[in-house]
Amino acid sequence: MTASSKSLTKLLVAVLVIAGALYVAFFGATLFGRTIPGALDKQAGIKQGLDLRGGSIITYEAVADTATDAQMATVISMLRARLDKLGYTEATITRQGIKKVRIEIPDISNPEEAVKTIGQTAKLTFVDSSDNVILDGVDVKDARQQFGPLSQSGKSENFVELSFTPEGKAKFAEATGRIAALPEGKNFIAIKLDENVQSQPRVKEKIDSDNCIISGSFSAQSASALADLIRAGQLPFALKDVELRSVGPTLGERAMQTSMNAAIIGVILILIFMLVMYRLPGLLADIALVAYIAIVVGLLTMFRVNLSLPGIAGIILSIGMAVDANVIIFERMKEELALGKTVGASIDAGFNRAFASVFDSNITALISAAVLLYFGTGPVKGFAITLGLGILTSMFTAIVITRFLLKQIVALNIRNPKLYRAGIKGGISNV
Amino acid sequence: MFDVIKNKWIFFNASIILLAIGIASMVFLGFNQDIDFTGGTTMYINVGAEFNNEDIIATTTEAIGKAPSTVQKAGASNTEVVIKTHSLDTDERAKLFSAVQAKYNLPQEALLSADNVTATVGDELKWNSMWQVIMATLLILVYITFRFEFKSGVAAVIALLHDTIFVLGFYSLFRLPINTTFIAAILTITGYSIMDTIVIYDRIRENSRIMKKAPFSEIINKSIWQSMTRSIYTPISALITIVVLYIVGVPAVKEFALPIGIGIIVGTYSSNFIASPIWDILKGYKKAKTTA
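These protein sequence lines are chains A and B, in that order.
27 is the number of the first residue of the first sequence in this note's numbering; add one for each residue after it.
4 is the number of the first residue of the second sequence in this note's numbering; add one for each residue after it.
Excised from the complex, chain B in its bound form (with noise of 0.2 Å):
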């Protein structure tokens, strides 16, 4: 049997490296923030026919005096189009879809949907979101310290952070657009990761009482190991409905899905590396003292 806890370097180092490509990559690239965060028009048309990117630039400058800030094709055929714009008033998004109606001879109901977001509203979405994922944080911390103890909560906690800092790396180093749809996604997978972790942490819980002698690294890899089945399991059972959700959905639902399945796979890896290796740690660490 593979000992976890005496490898735990290696996937500590894996995820440091992981983890500081992905922070260096928020800090010098930035997320690629959707509308809902910095404000700005998203308007989705269907084309119904092949169309060139430039001319769709070109008629939605002059229809509002400004170029788009991104021009995006969609659709299973790509005949439709995503133009995300600055935040546009009625007026504004009245012009733009005319100009790209007269410019395709399209009817009314072309105009599959549109999006606009005040700049202010967009910085109440983007605190109001962080606020979520750290009062979610901090009430799992505390249940778990209830349930096991408080190193254990820190463990987990750490396993968390880990998992949100790799996702939200990925959005930033593949440009993807953030928005609030993405943070119920992290928010998700705040939930459904630890869950990984909690079951093993069970098993940690019932094996202490049965392995009384045996040191806490060996209770807790021999803990990893009977869960191990369930850890592959019921990830793949779950990303069975996302990679599902993601191939036939609309782009909402792929904005929604493409998180959750990142999420779901790093989270099942961290319970497993990384949450439970910590809580050795840390249990090491008060034993040392008390023994020193």
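The shape of chain A in the complex, shown without the other chains (with noise of 0.2 Å):
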């Protein structure tokens, strides 16, 4: 195999490479019985935004001056409950600042309802089987997970317990007496929050104590979970909605839509600038910049990163960005082949004169998008990601890609510096 030869088989197959990446990042494949999921699909393809699928993002604050790291945890256990109950499975609940809570809902149909329901102050109750209250969240003093062996010879288990007011504790003696002697089916307290039945253990005897016990086969997650259920009863506060952003699945949809079309004909008139203005390097570097969208794309789907809208639209950008530092390079070249240089020497004199500048100018817009990343929210910080993914990965792609190919294209005998030479300066001084 001639020299030539060889470069011409690299070139033809880095093409390929990257034309079958392009497609794996946005289709997906199964290779060697392993499946990468596409960035289009539907389950394990890039997670879209609520800004994107449609959805509610809800702020709630507790309405005190302050609030602790144990109430706190106790109002989003209370939020996870009954976001659980109301079929949002898929919202997420995090903790922001001191005292508020911030959800996400996707493919939420009527926000302003859920704003109510999600946020009503907690109403805690033990009925008996005919649903009369025994006592409320303001006669239970405490409710804590345990573990430990609740028979001097039982094994250790996970159990709630329960401590009382000396008001709860006249209620509960005066009931479980009462409930304890009940034929069986009928002996139990039903512990309700709002009007759901949160555990409904068995009276097997009248407790006249401070303490009581919930046993049955809990795990310490579920203990832990009753227990702050019960604790959200006896918050000292009320939940306000602060913010509320919700976007109907309509408008989400549209948004996609139009950011797509925007992506594709951004990138068609990218690639003909760069053709147009660099001819033979502008080709490569095209093709480097197809690779920085697989990669991208590719890295997005892998990381699942949450695309927002803002997001799109800085990936967007950034593919205008992403040829910069061609375009730096390039810049390099034609001056050194102004002065007479081979086209192989020139390459190699413009990577190595443009690499300082690249790196310089690149570390400072990465600066900007990790300040965005550590002090952003939500979306905010969705865009920092794709903008600082995209920074890193032009990098790659217009250093190593494109210098690989160049030097396969130089390899081929290619070395008409008029196809290199394309623009204002190398046109003027080609004369």
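Don't read these hints as lab results, they were simulated from the structure.
All C-beta atoms, glycine included, are put in the ideal place defined by N, C-alpha and C.
Derived list of chain B stretches under chain A, where covered just means 3 residues or more per stretch with a C-beta under 8 Å from a C-beta of chain A:
1. 143 to 155
2. 188 to 195
3. 258 to 267
Using the hints, build the complex out of the two chains.
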């Protein structure tokens, strides 16, 4: 095999690999028995933010001067239980600052209804089999998840320990005495949060004590969740919805569609622009740009980055900026060619001289992205991630991939400087 | 070759005049702050047919007992409406939408989006945003000082302030709403505008090594012109995507694309005609002092 046919093979393989990568990045593939999900895959593809798939972001704030960590944990358990009850199992809850929680609910049809039900003050009641209220949240002093043996010979297990106020103790003693005497099937107490039964322990005997234990087949997690929910009934504050962002499914879909159109049109225009301005190197930069798109889309899918509308806008903008490194490098190459160097030497000098410039300028852009990532909230964070990924990837594609392709072209003996010297400066000095 | 350094006052004066107008506007007119910062409710509704703003204002006033702060047509055929009011609670929001729904006989899906921010949250977002811009600027100053020199960092930061004030002034003068998306756009501008400056700085650093005898102003001027093709091509490429986004995008994308587009243009201008000449002035100041 001659050197030039070797280069041709390398070049063709590179182009095929990039084309394949682009296809896999968007549509996925099954290779060697392993499935790689594509970005467009509904389940495993890019995670669409609420502004693209439709949904609501609700921020609640505790109506109090401050709130403890324990209280906020209780709030989160309570909200989680309510969201699950309403069927919003995909919702996420995060604490924000000291006394705020942020809930993100995808695919919600009536956000106003949800805002009201989810944020209600929790109503905790203990009722008997005929739904008579025995005691409520005020009568419970505390609820804790515990782990240990319940009897002397028993093995350790998870349980919830309740402690009562003096009134609570009296009410509980009276009720348990009455209920323990009831026949099987009616001898229980139901613990309800709002109108939902959270736990329904059986009463074996009268309990006249400050404490009582709810045991059963609890895991550490379920016991602590129940304790949290019981404590929710005695939160010293109400929740107020201080922020709501709600996007209907129609707008989300439209946002996604128009952004995709913008991306396609923008990419085509940039490909043409580079080809016209730089001819052969421009074509190689275009191939590198396609590789850039494949890598960024692949990374976003792999890391399951939550892609918001500003995030998509950021990616599209980054495609425009991704050619920057190539523009810097090609301009240097043209200067070297104008000095009378050979094509090969010009390529090397162009890349070497441009490197510091590309590196420094990208690092400063990365600093901005890092600040956005650290201080931003919600969609801004997603935008920062796409921006940062874009900057790092474009450095790789512009420097490594373009250089590799250029080397192969030179080895193919395509050395007519005219093909490398389009543009203002090259054109003029060529005459 | 046009001498940028000799003619720097043409650019400085142009910038001073434009920035003065912008600052005057910020002082006297202030900003059209969106609900993100002031607190308030925005409802974006698809009316599905032509409508009169007056009707929407009347319907809103009747539903919530107070006139909306703005009513704006949106969508490709102006059949959608964006209503902005003071911060409404859940019941008021429901009432407002039902009123519009009843008036134009709309389905539930007609509510394209709803946002509500209370005033205290708005304040926090505002401070957090300002903090972000300051942090990014300081870190960039540190990096440039480390890679080049402190004076060049100061010049770059002045150019960045120039860009930020220009875009802020533009938004104030034309009463465009500023919100958290706008702040993200400003930070993006900060990142990209500094890239232009760094590319020229890098050339200056390299030329300084080769042209040891030449005066600094000559080195700068040469570097600016050597980088000029790149200074034009890259922004064009970025603007291509931004313009397309602005044309086809939904309102939220337009809000993001506009300040970035303006920022890219002014950022390119300031990298060439503000940052580099200021570096020269700062450098000359030190020389004058040591020779005196």
